[in-house]
Amino acid sequence: MLTRFAPAPTGWLHLGHVLNAEYVWGSQARVMLRIEDHDRERCRPEYEAGILEDLDWLGYRADFPVVRQSERGAIYRDAMDSLAAQGLVYACKCARKEVEGRRPMGEARDGAELWYDGHCRDRGLALADDVGWRVRIDPGVERFDDEIVGVQEQDPSAQCGDVLIRDRLGNWTYQFAAAVDDYRQGIDLVIRGVDLLPSTGRQIRLARLLGRVQPPRFAHHPLIMKSADQKLSKSDGDTGVRELRARGWTPDEVKAAARRHSG
46 MLTRFAPAPT GWLHLGHVLN AEYVWGSQAR VMLRIEDHDR ERCRPEYEAG
96 ILEDLDWLGY RADFPVVRQS ERGAIYRDAM DSLAAQGLVY ACKCARKEVE
146 GRRPMGEARD GAELWYDGHC RDRGLALADD VGWRVRIDPG VERFDDEIVG
196 VQEQDPSAQC GDVLIRDRLG NWTYQFAAAV DDYRQGIDLV IRGVDLLPST
246 GRQIRLARLL GRVQPPRFAH HPLIMKSADQ KLSKSDGDTG VRELRARGWT
296 PDEVKAAARR HSG
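Numbering (this note's numbering), first residue to last: 46 to 308.
Source of the hints: derived by calculation from the structure; they are not laboratory data.
Warning: the hint list may mix true and false statements.
[Claimed, not checked] Pairs of lysine to any residue residues, derived as SDA-like cross-links and limited to a Cα-Cα distance of at most 20 Å, are as follows:
no., residue 1, residue 2
1, 300, 143
2, 300, 266
3, 300, 101
Can you build the whole structure from these sequences, using the hints too?
Laid out in structure tokens, this is it:
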């Protein structure tokens, strides 16, 4: 069994990451450390260095060399070409505010999740570097039995509409990069926070369109919450591993705190 620990170097490691690491390394699967630095505007080398240092201090060691999404552009392009050959990829010039502005007043789909209405589907725009690239997502339910939250049914078309796989700045998106990597790297167990549960159906769909027959197993664990409706974030410095280390905490104390505060 192969799983992955996949932090984004957009901030320092905090207790929420530690909780995920506890689930990942506690699964007894082999672990790949995947740095999800696909967002070139927000990711920083110093954050990656800090993440790697903190993981080593905590005693979490992967079974393979570090993999970085920033070095996998050719793989994502090859996957996109496969979808384009099926007539599934199209160019989109819609900005987020435009998509939000076209939503009927008072309409809510999956809470605050942005739903794309297919405005550019049939405009025939060129797949240039300065436009977004989307994949057509037809209606249909994806069913999976999550190992923590149980049986789930999701219709990606109703949840989010056509999936953006590359933005107007040339960044491959999380949804696409994660789906491609989990498939191409042979990940057969995905362990992550329950906040990412809504992403699962669309990633299963993308992987199937790319040729994956059997999706991975999924386990979405509880989060550490700073309030009843707000999860812990990288901006919460008092829960950062670097800060806790500076205050004299031991690795075992940090891990225990992560487990204790999970909701």
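**OP:** Tell me, in ascending order, the numbers of any earlier hints that this structure violates.
**Re:** 1
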